[in-house]
Amino acid sequence: QKEVEQDPGPLSVPEGAIVSLNCTYSNSAFQYFMWYRQYSRKGPELLMYTYSSGNKEDGRFTAQVDKSSKYISLFIRDSQPSDSATYLCAMRYGNKLVFGAGTILRVKS
Amino acid sequence: EAGVVQSPRYKIIEKKQPVAFWCNPISGHNTLYWYLQNLGQGPELLIRYENEEAVDDSQLPKDRFSAERLKGVDSTLKIQPAELGDSAVYLCASSFSGGDNEQFFGPGTRLTVL
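First to last, the sequence lines map onto chains A and B. With the numbering used here, the residue at position 22 of the first sequence is 22, and numbering never jumps. With the numbering used here, the residue at position 107 of the second sequence is 107, and numbering never jumps.
The hints are simulated quantities; they were obtained by calculation from the structure and are not laboratory data. Note that the coordinates shown come from a computational prediction; the quantities given were computed from them, not determined experimentally. Some hints could be false.
[Unchecked claim] Calculated pairs, DSS-like style, for lysine-lysine (alpha carbon to alpha carbon, straight line, at most 27 Å):
| no. | chain 1 | residue 1 | chain 2 | residue 2 |
| --- | --- | --- | --- | --- |
| 1 | B | LYS15 | B | LYS62 |
| 2 | B | LYS78 | A | LYS96 |
| 3 | B | LYS62 | B | LYS11 |
| 4 | A | LYS96 | A | LYS108 |
| 5 | A | LYS70 | A | LYS96 |
| 6 | B | LYS71 | B | LYS15 |
| 7 | A | LYS70 | A | LYS56 |
| 8 | B | LYS16 | A | LYS2 |
| 9 | A | LYS42 | A | LYS96 |
| 10 | A | LYS2 | A | LYS70 |
| 11 | B | LYS15 | A | LYS96 |
| 12 | A | LYS42 | B | LYS15 |
| 13 | B | LYS78 | A | LYS67 |
| 14 | B | LYS62 | B | LYS16 |
| 15 | A | LYS2 | B | LYS71 |
| 16 | A | LYS42 | A | LYS67 |
| 17 | A | LYS56 | A | LYS67 |
| 18 | A | LYS56 | A | LYS2 |
| 19 | B | LYS62 | A | LYS96 |
| 20 | A | LYS67 | A | LYS108 |
| 21 | A | LYS2 | A | LYS108 |
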């Protein structure tokens with residue numbers, strides 16, 4: 001069993017839709033929870049970062065962590081074509097960063 | 001500020017040939033990482049450097065892979081000999097020292113082994 005499992009997708013949604021991306025994890029040692037966005041032919045870039053259970057908002061993006069269920073989510077409101085990318089969840093303890101497999105999102109205009 | 005620079009961006013080689021990838025981290029970043037990203041997968045750590053010292057190379061296949069970071073700045077990752085299964089994207093990332101600091105990724109080198 002992988003330490004981090006991510007809903008595989010791909011997802012295709014119309015512009016303006018609310019998108020939900022999800023990951024589960026098995027290692028209770030993970031302390032930090034992140035979402036990266038990776039455009040085609042580019043490296044991942046950090047989108048959201050949190051270390052506690054609950055919600056964290058940044059513009060159209062909301063990261064949600066439920067440590068009791070070992071479940072994290074990223075919500076994108078009013079999705080735009082420019083949001084089309086691969087979204088990777090990632091979790092860290094110490095210097096170890098473990099990524100999910102990624103979910104490809106396509107927002108159609 | 002310049003980001004992490006990697007070269008080449010693309011490389012196509014025949015199996016059993018050697019190949020090398022180069023990474024220049026963000027200025028001031030003491031920690032450098034090499035990741036492997038297979039198609040449809042997330043990045044997986046190959047090796048982490050703190051300055052010029054490799055502090056985590058447990059996932060590096062040492063029979064064919066080697067890395068160096070002379071002078072604690074630029075780094076080179078080498079494969080010799082390459083196998084078909086090595087076709088992937090090799091990502092370099094850098095950060096300030098300390099596990100809490102954000103890792104910044106380069107664009108990667110896409111390797112195709114024929």
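key: Unmet hints by their number, sorted upward, for this structure   = Numbers 4, 6, 8, 11, 13, 15, 16, 20, 21, in rising order.
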